[in-house]
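Please arrange chain H on chain L, whose structure you already have, making use of the hints.
Protein sequence lines correspond, in order, to chains L and H.
When you line the first sequence up against the working numbering, it's residues 1 to 612, in that order.
When you line the second sequence up against the working numbering, it's residues 1 to 589, in that order.
Please keep in mind that the hints were generated in silico from the structure rather than gathered at the bench.
Ideal Cβ positions, reconstructed from N, Cα and C, are used throughout, including at glycine.
A portion of the hints provided could be inaccurate.
Unchecked claim - Each computed PhoX-like pair below joins lysine-lysine, with the alpha-carbon atoms no more than 25 Å apart:
1) L/Lys204 with H/Lys431
2) H/Lys229 with L/Lys140
3) L/Lys204 with L/Lys313
4) H/Lys246 with L/Lys140
As the list claims (entries may be wrong) - So these bits of chain H aren't anywhere near chain L, every CB distance computed over 10 Å:
5) Ile12
6) Ala97
7) Cys128
8) Ala145
9) Leu154
10) Lys190
11) Ile211
12) Leu245
13) Gln300
14) Ala357
15) Gly404
16) Glu448
17) Phe465
18) Gly468
19) Gly527
Claimed, not checked - Reference excerpt, derived from the structure (chain L facing chain H, CB under 8 Å, subset only):
20) Leu14
21) Leu18
22) Trp19
23) Thr81
24) Ala120
25) Tyr121
26) Ser223
27) Ile271
28) Lys339
29) Lys341
30) Cys376
31) Gln441
32) Ile446
33) His452
If you want the building blocks of each chain, they are given just below.
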Amino acid sequence: MKTEPEEDVFSERLDLSLWKRVFRHALPYRGYLKRLSVSAVAIAMVDASFALVTRWAVDDVIASGAESGFTPQIAVYVTLTVLLCVGVWIFIRAAGGLANHMSHDIRAESFKRLQELEFAYYDHRPSGWLISRLTSDCDKLSRIIAWGTLDLVWAFCLVVIIGIVLIVLHPVLGLLVLTVVPPLVFISAWFQKRLLLSSRETRKYNSLITASFSEALQGLRTSKALVREEANLDEFRNLSTGMYRVSLQNSLQSAVYIPIVLTLGSTAAGIALWRGGADVISGEMTLGTLVAFIFYAGQFFDPVNQIAEVLVKMQGAQAAGERVLSLLATKPGIKDSEKVKALLEEWKDRERPPGIAPDGGDSEIRSIEFRNVDFCYSETESVLENFNLKVNAGETIALVGASGGGKSTIVNLAARFYEPTGGAILLNGVDLQKRSLAWYQSNLGIVLQGPHLFSGTIRENIRYGHIEASDEEVLVAAKMVNAHDFIQALENGYDTEVGEGGSRLSTGQKQLVSFARALIGDPALFIMDEATSSIDTETEQVIQHGLKAIFHGRISFVIAHRLSTIRGADRILVIDKGQIIESGSHSELLAQKGHYHNLYTRQLRQGFGMAS
Amino acid sequence: MRGFRGRYGGAIACLFVFTVINYITPLVASATIDFALAEKPNDDVLTSLIINLMGGGDYVKGHLWFPAFLMVCLTLCSGFFSYGKDRLAAQASDGLARKLKDRLFNHLQRLPVEYHDRAETGDLIQRCTSDVETLRLALSSQVVAVSNSLLLLLTALPIMVVLDGRMALASFVLIGPIIFFGYFYTKKVKHLFLEVDEAEGQVTRVVQENITGLRVVRAFAQQDFEIEKFAESNRDYRDRSLRLLKLMAWYWSTSDIFVLLQQGFVLFVGVTFIANGSLTVGTLFAFLMFLNMLLWPVRQMGRTLTELGKSLVALTRIGEILQVEEEQPPQDPVKPGRPAKGGLTVKDLCFSYGDGAVLNGFSFQIAPGETLAIVGPSGAGKSTIMSLLLKFYGYDAGSIQIDGMELSGLDTEWVRSQFSVVMQEPFLYSKTIGENIRLSQHSAVDEEVSAAARLADIHETISGFTSGYATLVGERGVTLSGGQRQRVALARAMLQKTPFLLLDDALSAVDADTENRILEALRSRHGKRTTLVIAHRLSTLAHADQIIVMDGGRIVQHGTHDDLVNEDGLYRRLWQIQNDLENEIPLTD
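Same shape as in the complex, but just chain L:
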């Protein structure tokens, strides 16, 4: 399953039920919503009143020559000004406050949900896709809810108020001027949609161009070695030309749109001047009213444009809303059962005697057993079928065999990253699903093939395996895996920054740090998943030396294709097509002269030229 990366959908219909659900996330901030709506209505009223003050002043001066001066009009004008500015101040704070709090909350909730979801969820979704959900989608939705509500309320009120004022001032002329509103609405909606689509297209090109630059830089040596500079440039030119085209299209759309709506506004003003002028001549209408009419005619554009923009944006953001809501609605597949939760709650405040875990169960891990375990990633291909294995504390199990045979699946199941689709995994004879997930996983120590470090210092990275560990414990863990020497040799020792993803350390150094990280929590279950395959001979030797101490007293699972790592295991399992086809110690298996023997001798002979 591949998910389209971004906003490829434009919904033809406004899905109100969706927006209602999104809107629910704004409800905790009712205060903001209230202030926002009230200030939007107030501003619309004030906006509509200015032309009336002008009319009042003009009519006053024409009718009476304003012998009494303009004190009342000035007073009203200044009051309106102050009201408007206070209103603007309130609505910016309310809408911005709402948008920020809302996106903060949705983001926090989504992030929390991502921490709970099982690997299967991530398997289908590229990391870039998930990142956009938490960043741009959250912001987009909250902005639409906050500023969109504001704009809609304000714009709608303003159009209605102006409409009422016009009809009250002069019903016939009012209706005549109002005839431009429907085409204005129609044209605005049409153009806004096109603008949205073309600006999306532009963004799409933009991200392609960014990817292209990134590829050019990452593949620089390869491109030079292949003498591909010209070909790369040609491909890039296609993109930059495409971007030029869509970006220009977007500019041209707004270049056409604005003159059209301005002409419509001017038509309304023209109608007012033409029909209103006649009434002024015949004395049915005051000059002040005519002036107000012409001003009003020009005032429609802004709110109608806003309404169109908000509605189009809502249509465009529906896909984003759907994605965020569905993330929030996804239920984690692997979690504590209700019973376990109740137990955890029960034991939360109680004094725990030694040997009792937070869920009231046994805190010591004595054995782990796969009993008749079935597993498949998808319904069509089964990875494990009726798999049985029992491992006791202190035992080291090595898994060998061709890739795709199910080795990683076995350790992923042991770590409870996936749940068996049939059968059960038992911990000290108790079903693993009856124990607390967090407690169980805090007993794991895992070293993966690609050693991934977080940005921060070496000390922080080692401590990641056990946040409460003291500096002393960090040191002990590092010494245990022989990482202490190289760390000491670095300029800032344990406080050396490792860079993003650990980029400032070599692969071997990163792997040593990740070994220390896996061991600092003194895990009962230790897993090495191809942990030595990407490191150089010397580092591997350093690790080899520490392995005995590492395996001591724990249940250990080791996956490796280097036989040197495997040799010391208590039991070696040769896995093929989800089944154990050979099992025994190194010497036992060699004596069997089966698969393992073949694998082993072939590797050795090739390695040392014995075949020649």
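Frame of chain L; chain H shown alone:
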């Protein structure tokens, strides 16, 4: 960039006509009000001229549709010029941005490897994308907006003075403060915008690290720690945005006060003049319309000017890249007309990256078709030799000769096209697997491609994908494992058929079984290509014609596998490490 000047000139000309027409339109209404409706004839030149052009007050009075129609026509006409200015400005700025991007792309590709070693990829990408975008926006909208405001002001001044000097004065009372307020306020809060951007970036980084390190997070059950870490940056982002918002709320409401007071001032000064008979309603109307047109763009101007400041920074940053010198071809490069035979001689080669020698008096010789293997601890300088052969760096002393021709005098592209390279972490383009293999042999037929893939033992894997060789590599397609990438790159190299093959730890991520099959396949083609192999696993090297053991930039041992195993030295030590396990198994059968 000269080609765009004409377009810009055209845009400015359109802008000017547009502005002038926009000032005339309200004057039509104003003249109609004064001469036809209020019948208070106005003695200023402009209004009289306009009413006369329309046929005089009496004619207009009888034909009120005429000024209305004229207004619509004028707006249409100004719309035409508005379109013209937007179109020309967009063509110029988008065109410029495209040209700039193409140039940057090409330039980056041709910069020496040394430059890229030091440069930070993320920073370069940002300069080539967001900085160019900043510049494009500056050219397409900000420069246009500022010229628009300036033209509005400059054109307004004479028209207003002609209409009524006192009113013109009243109209400009607060213009200065409005511009200055906008400029200085936004300049003052500029750093807050940067801080908000930074905080947002931090949120993205935390999410990204969390997702890429997902397995580590779960392996140590550190979800709560991660949630807390995220909550911190999420809060920080929200609080910084809110702080900025508070300041912006003051900015917008205060600048609104300025604008509204300016309009109110003109209105009440105007009606006072009307009261004492020195101003007509039409003229006041015209002034109010003018201010309406003028004030909102002018209010934005301060802000836009601040943003233009940003584009100057962007321009410098882009300039810094373009100033770096591209890879220099040798003077009068020798470019042999046909492929090399495959002889390679290296003599007393010395090279350093600046701090300490990497290679120090390095010599060897390979005959066409031979295989040379290089071993040694990391940092011994093995990969450096590959880089020197590909002319990624120039060497300091000594010589490298291909078929007896000195490398430094040879055409760079010719040299590179004599080598096929597979690196430890090979780079695949986000194209299909087939295209990746075919990269420099576009004409290769499908059979050749699959033959190369078979040699690299990747054909089965590729055929297993739903789309086979048409499967896309990367985020939008399949994610290949390290070993699969290495094999695809090897297939590419197999297809290339160049005289030289360079394998730089090229099979490190491939499992032992597969590696053996590949090596066997390679051996069967022994003698066809001169091959240089670097590897950690001695298994990759054992069959080489010569093996060089390097340490600290020097050759410490040189010979065949059998020689070296029997010699006391680094090779035997390395061999023993990997051989440690051998002791206990019987090698009898």
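Against the structure, the hints come out as follows:
Pair hint L/Lys204 plus H/Lys431 holds up; C-alpha atoms about 18 Å apart against a cutoff of 25 Å. For the given pair, H/Lys229 sits about 23 Å from L/Lys140 by alpha-carbon distance, which is consistent with the 25 Å threshold. As the CA atoms of L/Lys204 and L/Lys313 are separated by approximately 17 Å, the hinted pair is consistent with the 25 Å bound. For the proposed pair H/Lys246 and L/Lys140, the alpha carbon gap of about 20 Å is at most 25 Å, so the pair holds.
The claim that H/Ile12 is not at the interface with chain L holds, since no C-beta of that chain comes within 10 Å of its own (minimum 16 Å). Consistency note on H/Ala97: stated as away from chain L, yet its beta-carbon is not over 10 Å from all of that chain's, at 8 Å minimum. With a least beta-carbon separation of about 5 Å from chain L, H/Cys128 fails to lie farther than 10 Å from that chain, contradicting its non-interface assignment. In this structure H/Ala145 is separated from chain L by more than 10 Å, as the shortest Cβ-Cβ distance comes to about 13 Å.
The beta carbon of H/Leu154 is kept farther than 10 Å from every beta carbon of chain L, the shortest such distance being approximately 22 Å. Interface exclusion of H/Lys190 from chain L stands, the closest Cβ pair being 18 Å apart, more than 10 Å. Remark: the non-interface label on H/Ile211 conflicts with the geometry, its nearest Cβ contact in chain L lying 4 Å away (cut-off 10 Å). Residue-level check failed: H/Leu245 sits 4 Å from the nearest beta carbon of chain L, not beyond 10 Å.
Interface exclusion of H/Gln300 from chain L stands, the closest Cβ pair being 15 Å apart, more than 10 Å. At the 10 Å boundary, the C-beta of H/Ala357 stays outside the reach of chain L, the nearest C-beta of that chain being 20 Å off. Annotated as non-interface, H/Gly404 keeps its C-beta farther than 10 Å from every C-beta of chain L; the closest such distance is 23 Å. Against chain L, the non-interface label of H/Glu448 holds: every CB pair exceeds 10 Å, the least being about 17 Å.
With 10 Å as the threshold on Cβ separation, the claim that H/Phe465 sits away from chain L holds: the shortest Cβ distance comes to roughly 13 Å. For H/Gly468, the shortest C-beta to C-beta distance to chain L comes to about 17 Å, beyond the 10 Å cut-off, and the non-interface label holds. Every CB of chain L lies more than 10 Å from the CB of H/Gly527, the least distance being 16 Å, so the non-interface label holds. Here the hint on L/Leu14 is broken, as its CB sits about 28 Å from the closest CB of chain H, past 8 Å.
Against a cut-off of 8 Å between C-beta atoms, the interface hint on L/Leu18 is violated, since the closest Cβ of chain H lies about 24 Å away. Checking L/Trp19 against chain H: minimum C-beta separation of about 23 Å lies over 8 Å; hint violated. Annotation: interface hint on L/Thr81 holds; nearest CB of chain H at approximately 4 Å, less than 8 Å. At its closest, the beta carbon of L/Ala120 sits 12 Å from a beta carbon of chain H; the interface hint therefore is violated under the 8 Å criterion.
Given the 8 Å rule on beta carbons, the hint for L/Tyr121 is violated: about 10 Å separates it from the nearest Cβ of chain H. Because the smallest distance between the Cβ of L/Ser223 and any Cβ of chain H comes to about 6 Å, under 8 Å, the interface hint for this residue holds. Taking 8 Å as the C-beta cut-off, the interface hint given for L/Ile271 holds, the closest approach to chain H being about 7 Å. For L/Lys339, the shortest C-beta to C-beta distance to chain H is roughly 20 Å, which exceeds 8 Å, and the interface hint is violated.
Nearest Cβ of chain H to the Cβ of L/Lys341: about 16 Å, over the 8 Å cut. The hint is violated. Proximity of L/Cys376 to chain H is violated relative to the hint, the smallest CB-CB distance being about 18 Å (cut-off 8 Å). The beta carbon of L/Gln441 is positioned within 8 Å of a beta carbon in chain H (closest approach about 4 Å), and the interface hint is therefore held. At a threshold of 8 Å, the smallest CB-CB gap from L/Ile446 to chain H is about 4 Å, leaving the interface hint in force.
With its C-beta approaching chain H no nearer than about 5 Å, L/His452 sits inside the 8 Å limit, and its interface hint holds.
Against the hints set out earlier in the document, violations occur for numbers 6, 7, 11, 12, 20, 21, 22, 24, 25, 28, 29 and 30.
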